[in-house]
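Asker: Each chain is listed here by its residues.
2 protein chains.
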Amino acid sequence: MTSRVATAISIPFTEWVDANAERFIERLKEAVAIPSISGDSARRDDVFNMAHWLDGQLKSLGVDTKLVDLGTQNVDGKEIPLPPALLGQIGDFTSEAGKKKKTILIYGHFDVQPASKSDGWDSDPFVLTTVGDKLVGRGSTDDKGPILGWLNVLQYHHDNQKELPVNLKFCFEGMEESGSEGLDDLIVKEAKGYFAGVDYVCISDNYWLNDRTPVLTYGLRGLCYFSVTVSGPAWDLHSGVFGGTVYEPMTDLVTLLSKLVDNKGKILIPGVVDRVPSVTSEEIKLYEKLDYSIADIDKAVGAPIALSSDKVEVLMGRMRNPSLSLHGIEGAFSGEGAKTVIPAKVSGKFSIRLVPDQDPKEINKLVKVYLESEFAKLNSKSKLEVKPLSDGKPWVADYKNPNYEAARVATLLVYGKEPDFTREGGSIPVTLTFSDALGVNVLLLPMGRGDDGAHSTNEKLNRSNFIEGTKLLGLYLYEIGASINIDPKY
Amino acid sequence: MTSRVATAISIPFTEWVDANAERFIERLKEAVAIPSISGDSARRDDVFNMAHWLDGQLKSLGVDTKLVDLGTQNVDGKEIPLPPALLGQIGDFTSEAGKKKKTILIYGHFDVQPASKSDGWDSDPFVLTTVGDKLVGRGSTDDKGPILGWLNVLQYHHDNQKELPVNLKFCFEGMEESGSEGLDDLIVKEAKGYFAGVDYVCISDNYWLNDRTPVLTYGLRGLCYFSVTVSGPAWDLHSGVFGGTVYEPMTDLVTLLSKLVDNKGKILIPGVVDRVPSVTSEEIKLYEKLDYSIADIDKAVGAPIALSSDKVEVLMGRMRNPSLSLHGIEGAFSGEGAKTVIPAKVSGKFSIRLVPDQDPKEINKLVKVYLESEFAKLNSKSKLEVKPLSDGKPWVADYKNPNYEAARVATLLVYGKEPDFTREGGSIPVTLTFSDALGVNVLLLPMGRGDDGAHSTNEKLNRSNFIEGTKLLGLYLYEIGASINIDPKY
Chain L
211 MTSRVATAIS IPFTEWVDAN AERFIERLKE AVAIPSISGD SARRDDVFNM AHWLDGQLKS
271 LGVDTKLVDL GTQNVDGKEI PLPPALLGQI GDFTSEAGKK KKTILIYGHF DVQPASKSDG
331 WDSDPFVLTT VGDKLVGRGS TDDKGPILGW LNVLQYHHDN QKELPVNLKF CFEGMEESGS
391 EGLDDLIVKE AKGYFAGVDY VCISDNYWLN DRTPVLTYGL RGLCYFSVTV SGPAWDLHSG
451 VFGGTVYEPM TDLVTLLSKL VDNKGKILIP GVVDRVPSVT SEEIKLYEKL DYSIADIDKA
511 VGAPIALSSD KVEVLMGRMR NPSLSLHGIE GAFSGEGAKT VIPAKVSGKF SIRLVPDQDP
571 KEINKLVKVY LESEFAKLNS KSKLEVKPLS DGKPWVADYK NPNYEAARVA TLLVYGKEPD
631 FTREGGSIPV TLTFSDALGV NVLLLPMGRG DDGAHSTNEK LNRSNFIEGT KLLGLYLYEI
691 GASINIDPKY
Chain V
211 MTSRVATAIS IPFTEWVDAN AERFIERLKE AVAIPSISGD SARRDDVFNM AHWLDGQLKS
271 LGVDTKLVDL GTQNVDGKEI PLPPALLGQI GDFTSEAGKK KKTILIYGHF DVQPASKSDG
331 WDSDPFVLTT VGDKLVGRGS TDDKGPILGW LNVLQYHHDN QKELPVNLKF CFEGMEESGS
391 EGLDDLIVKE AKGYFAGVDY VCISDNYWLN DRTPVLTYGL RGLCYFSVTV SGPAWDLHSG
451 VFGGTVYEPM TDLVTLLSKL VDNKGKILIP GVVDRVPSVT SEEIKLYEKL DYSIADIDKA
511 VGAPIALSSD KVEVLMGRMR NPSLSLHGIE GAFSGEGAKT VIPAKVSGKF SIRLVPDQDP
571 KEINKLVKVY LESEFAKLNS KSKLEVKPLS DGKPWVADYK NPNYEAARVA TLLVYGKEPD
631 FTREGGSIPV TLTFSDALGV NVLLLPMGRG DDGAHSTNEK LNRSNFIEGT KLLGLYLYEI
691 GASINIDPKY
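Chains as they are written, first to last, in my numbering: chain L, 211 to 700; chain V, 211 to 700.
What the hints contain is simulated information worked out from the structure, not anything from laboratory work. Honestly, I wouldn't trust all of these hints.
It does not matter which identical chain is used: a pair holds within one copy or between any two.
[Stated by the list, open to error] Straight line, CA to CA, 20 Å or less: simulated PhoX-like cross-link-like pairs of lysine-lysine:
hint: 1; residue 1: K469; residue 2: K587
hint: 2; residue 1: K474; residue 2: K587
hint: 3; residue 1: K591; residue 2: K521
hint: 4; residue 1: K474; residue 2: K521
Note that the structure is predicted; figures quoted are calculated from it, not measured.
Please construct the entire structure, taking both the sequences and the accompanying hints into account.
Answerer: In C-alpha cells form, the structure reads like this:
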C-alpha cells in the first residue's frame, strides 16, 4: 500500500459516505424513476428530463454547467431533437495554486436501455427496489449509479465546505445506448476548448470480471460489423412452385457464412489475424493472476460451453484475441412454426471484435475481398453485396500511468485488495475518442459487478458497490491530487 | 375433339352463362366481402359467416346440405371453435336411372389468406374491384371464385329446371389456409359413409402454368419440413463479452445448413434421392409439349435466375424432382441494422419437396441421421435437436382416366385448345387424403391463371377465367355424364 495522503482523509470521508448511504440511495431512486430510454423516441422527453434533473443536481453542488444542443436525429423519416450533452466544471482554474491541480474529465451517460415489466422483470424496472444487498432497477448500474457516485463525492465536499483535491470537468451524454449520436463531434471540437487542460479521463461504465474482485480496465476490443446480402428473385417465392427451378439466395448466403469462422473460434478469412501479436510469457502471467475460473464463465453463460478448460485461454479469447460472431439473418423466415418461403433477399449479420494492431479499414477490405472471391466460386446467378455497417478501433492504455496508479491505491484502500487489471471484450467507443482527441490517459474504473445484468431484466447494482464505489471514486481523486503533492488539507 | 354429347348442350348452357355473367360477379363480390381469414382467430366469426352464406346459397339451389362440427382448435393456449365443414349432395341417388349416373365429389375451401390494405393492396382486399379484365380481391381466385363457379353451374340447372348429368357431392372447408385442421379425420370417417359411391373427385384449387393455356394437374409434390435446433448458453450473450470464449450455436447451425443442398439444387443428404426414378425419353417429351418458356419463369420470379436455360429441366425441377429450400432461422437476430448478440438457441428451417417414390417417414429418418452425424463431426459443446415439423406424401394420378378425359374435352370445347397436363411443385394435402381414403381418381381442374397471386397482394381472378371457367366446370360434368351414355337430353 503506497498511499501518500489518502489515509489522512480516508476516515472522515468514508465515514461520512457510510452515514449518508440512505440519502444517496434515495437520490438513485429519483434518477431511476426517470425512464430515459434513448432508443425509444416516445421516451425522448424523459431523456431531456433526465438531463435537466442531472443539471439541477450538479448546479446545486456548485458545478458550473451547460447543456449543449447536439442537433436532431432521424427516426423513421422524422427529425427529432437529440438529448443535449451536459458539460460541467468545478474547481480553481485560474489561480496559480489551482492551475497546479490536475484536471480530471469524468464521462458518464444518463440514458438507459429499454425495459418493461413484461420483459420478465420481477419488479417495476423504473422503481428502484431493494432485494437483499441489491438495488434493482433500469440504469442502476448502467450508468446512473456510477454518475451518482460522482454526485455523492461532490456532495461531501459541498456539505462539508471542503475543497476538491483536483479540478473536475464533466461530460455526460444521453445517447450512449443509441450510438452516442453527436458526441464524437463535440469531443473533437472541444478538445482544445472546453476540455483544454484535462490531464486524465476517468470513465465508470463497465464491470468487474466477477462478483468478488474490483477491476481497472485498460483495454477494449474494436469492432467491424458487416451485413452480407445475397439477392435473387424480385420478391419472395413459394418453395412448392419454385423450389428446384431457381438459384435461392439463402443457399449461397449460408455457404458464405459457413466460411467465416469455425466452431472453435478460428477466423477463416485470410489476413484478418495477421496483425495480432503472438502472446508473450509475460502476458500469460498477467492473465494467470486474474481472479477468474472456468466456473465463472459457466455461471455467466449458464452452460458448460467454454472453448477451453484453461482459464488463461478463455480470458485471452475475451480480452486480447479477435473473435467473429454470427448474429443472424435479416429477410429470411424467422418466426415460429413452418413457412415454405424462398426468401428473395437475405442479409447475414456478423461482426469481428478487433484487438491491436488490427485496423478496421484493413479488416473491412479483407472481408469484402474474401466474401466476393468465395461468392465468385459459387457461380451463382444471385447478387452479392458486402456492407460494413459500423466499425471502431481497439484501444489499449498504459496501465502503469499515474492515472491507473491512483485508482489502484484507491482500490486497495477501499476494498483491501489489489484490483485485477483487465481488458474488456466489448467496445466503449467514446473511450477511444477521448484518448485520440485529448491525447491523455483514459482510465476505466468500474463500479458494478460482472453479474449486474446491465442490458438485461432485473438490472441491479449492489448497495455495497454503490457505497464502496462512491468511496473509491473519491479516494481516486485524492490519490490523483496527492500525486502532485497537493497539501493534504482535506 | 371427341365430345359425344357436350356440343349438343354447349350452346344453350354457355350462352346462358355469358348472359348471366354480371349476376355471377355480383355473387362473387358478396363472397369476397366476407373476410373469412382462417389464420386470424379474431376473424373466426367471419369464417363461420362464410360457411353459413355458402350453405344458404347451396340450399337455395336445391342442394341437401349439412354443417359438420369439427371441434376446437388451440390458439395461444385458448380453445376456439373450428369452422364447420360444409357437406352437400344433389342428384338422384335412389332410382335405377339415378344410380347409373356417376357421382362426382367436389372439394373447395371458403377460407382465405390474411390481407389488409396496408400490405400494399391497391384497393380494399375485401371489396371485389374490377380492373380491366381482372376481378381483384382476397379469395377471388383462391378459392371463392372456383367454388362460385360450381354454384353458377347449379344455378343454370336450377333456373332452367334441368336435371344434372351427374350426381354431385360437395365437401367445402374453412381451414385450408391453416392446415385443414379436422378435415382429414372427417374424410376418412365418411369415406364409406357420406362419400360412399363417389366415382371421381374434382378439386379446383390450383392454377395454370402461365396466363395462356388451361391446365389439368395430375401430380403434386409431397413435403418434409424440418426444424434443426442448436442450443448452447442458457440465454443470449453479448458478443463483446463472450465472443471468442464459448461455442456459438449459430456457427454450428450455419455449418449444418451449408451441408444440405448446393446452389445448383443438388441435395447433399445421402439416400434422399435414391427412390426418384430416372427420367425417361417419353417423360421428356411430355415436358417439351408444355406451353412454357424460360421467359415465363423469369417473369414469374422477376429476375433471370433459372437454374437452367432448358425449359424441360426447369419444368422437371418443379414437377418431377425433389428440391430442398432453406427458409430461415428462428431465434437469431433478424431485424434491420446491427445487434451484437450471440443467440443462445437457433432453429434452422428447411423443407424438402418430395416426388414418387420418396417416402416422408424414410426421408425424416435420413435427414435426422445425416444431421446428427455431421454435427458429431463438429465436436461441439452445443446441443442438437432435429425435429420434423410436418410431412405429406407426393401424389400422382392416372391422367388417362375418364375423369381427366372428360376435363380434357371440356377444355377443348371451352378454350378451343388442348390443356397442358401438369404436375404442381407444391402440395394440396387433401388431394392425397381423398385419393387414399376414397380410392378413386382425383382431378385437379384449375380455374385461375399462374399470375393470379393467390397468397399475395392484389390477388385476382380474370373475369374471363371466371366465366369461361364456369363453362369448363359445367361441360366437364356433361362429359363425365356422357361417358356412361346418359341420354343427352340437356
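Asker: Hint by hint, say whether it matches the structure.
Answerer: Hint-by-hint comparison with the structure:
1. K469 / K587: both (12 Å within a copy, 16 Å between copies)
2. K474 / K587: between (25 Å within a copy, 13 Å between copies)
3. K591 / K521: between (47 Å within a copy, 17 Å between copies)
4. K474 / K521: within (15 Å within a copy, 45 Å between copies)
Of the hints listed earlier, there is not a single one the structure fails to meet.
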